[in-house]
Amino acid sequence: AQTVTQSQPEMSVQEAETVTLSCTYDTSESDYYLFWYKQPPSRQMILVIRQEAYKQQNATENRFSVNFQKAAKSFSLKISDSQLGDAAMYFCALDGGATNKLIFGTGTLLAVQP
Amino acid sequence: DSGVTQTPKHLITATGQRVTLRCSPRSGDLSVYWYQQSLDQGLQFLIQYYNGEERAKGNILERFSAQQFPDLHSELNLSSLELGDSALYFCASSARSYDYGYTFGSGTRLTVV
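Residue numbers (the working numbering), protein chains in the order written: chain A, 1 to 114; chain B, 1 to 113.
Among the hints, a few may not be true.
[As the list claims (entries may be wrong)] Subject to a maximum C-alpha distance of 20 Å in a straight line, what follows is the list of computed SDA-like cross-link-like pairs (lysine to any residue):
(1) 9(B) x 55(A)
(2) 9(B) x 41(A)
(3) 9(B) x 1(A)
(4) 55(A) x 101(B)
(5) 9(B) x 42(A)
(6) 57(B) x 29(A)
(7) 57(B) x 1(A)
(8) 57(B) x 96(A)
(9) 57(B) x 27(A)
(10) 9(B) x 57(B)
(11) 57(B) x 69(B)
(12) 78(A) x 29(A)
(13) 9(B) x 46(A)
(14) 9(B) x 39(B)
(15) 57(B) x 42(A)
(16) 9(B) x 29(A)
(17) 57(B) x 75(B)
(18) 57(B) x 78(A)
(19) 9(B) x 109(B)
(20) 57(B) x 20(B)
Hints were generated in silico from the structure; no laboratory data involved.
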């Protein structure tokens with residue numbers, strides 16, 4: 001079975017500071033993809049960043065970057081220069097390729113303090 | 001606008017009733033996925049269709065069913081509704097069955113009273 005675990009139910013960061021959200025996963029697939037999705041109060045699911053498991057280089061999208069540790073099955077999200085608009089629920093997700101579905105963690109609620 | 005359209009946005013209905021949620025995928029996407037998000041919960045995978053055929057099934061109740069039509073839009077049918085079915089139902093689409101790109105609609109909020 002494939003699982004995604006987010007051990008931080010809530011996090012808080014000061015505006016302009018950096019925060020890291022943790023995610024661990026488990027899969028027996030050799031080819032898979034990992035995602036971070038943001039869900040603001042509007043409840044829309046917004047793709048933040050994605051990582052292909054076969055790529056060793058960590059993905060980066062502007063202020064968002066990941067630390068992908070394949071052997072440790074860890075996939076953390078770093079948000080730099082945090083902004084008030086970053087406040088949201090963040091979900092880590094795994095697509096095991098052959099499993100035809102996206103498996104989500106339970107989410108981390110991020111608060112950004114002005 | 002993500003390109004994935006879900007209707008209606010809100011739905012309030014009584015226990016025991018039946019409702020249909022509709023999803024139009026992003027243009028060109030062949031796969032449609034349905035997810036359920038209960039209050040303060042993560043997203044639970046319900047079912048996937050690829051080009052009209054059921055491809056994968058998750059924790060979908062027998063009271064729920066879905067289909068994908070030739071024009072690729074999909075409908076999720078929920079029957080004999082219970083209070084616990086109240087949730088946000090998301091549809092997502094992707095271009096190929098194994099594509100790693102998923103685009104989500106804005107969801108349908110179902111309230112069962």
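*asked:* Hinted pair, alpha-carbon criterion (20 Å max): residue 9(B), residue 57(B). Please report holds or violated.
replied: 24 Å, violated
*Restraint status (C-alpha distance of residue 57(B) to residue 75(B) at most 20 Å)*: With Cα atoms ~15 Å apart, residue 57(B) and residue 75(B) stay inside 20 Å; holds.
*Does the alpha-carbon distance linking residue 78(A) and residue 29(A) stay inside the 20 Å limit?*
25 Å, violated
*asked:* Holds or violated: residue 9(B) and residue 42(A), Cα atoms, limit 20 Å.
replied: Holds, at roughly 12 Å.
*Are the Cα positions of residue 9(B) and residue 1(A) separated by 20 Å at most?*
Status violated; Cα separation ~33 Å.
*Are the Cα positions of residue 57(B) and residue 78(A) separated by 20 Å at most?*
With a Cα-Cα distance of about 33 Å, the restraint between residue 57(B) and residue 78(A) is violated, given a limit of 20 Å.
_Hinted pair, alpha-carbon criterion (20 Å max): residue 57(B), residue 69(B). Please report holds or violated._
17 Å, holds
_What's the verdict on residue 57(B) and residue 96(A), does the C-alpha distance respect the 20 Å limit or exceed it?_
15 Å, holds
*Below or equal to 20 Å on CA atoms is what counts here, so check residue 9(B) against residue 109(B).*
6 Å, holds
*Going straight from one Cα to the other, do residue 55(A) and residue 101(B) come out at no more than 20 Å?*
16 Å, holds
*Do the alpha carbons of residue 57(B) and residue 27(A) lie within 20 Å of each other, as the hint requires?*
Holds: residue 57(B) and residue 27(A) sit about 18 Å apart, inside 20 Å.
_Pairwise hint evaluation, residue 42(A) against residue 57(B), where the allowed Cα distance is 20 Å at most_ = 28 Å, violated
Going through the hint list in order, the structure does not satisfy hints 1, 3, 10, 12, 15, 16, 18.
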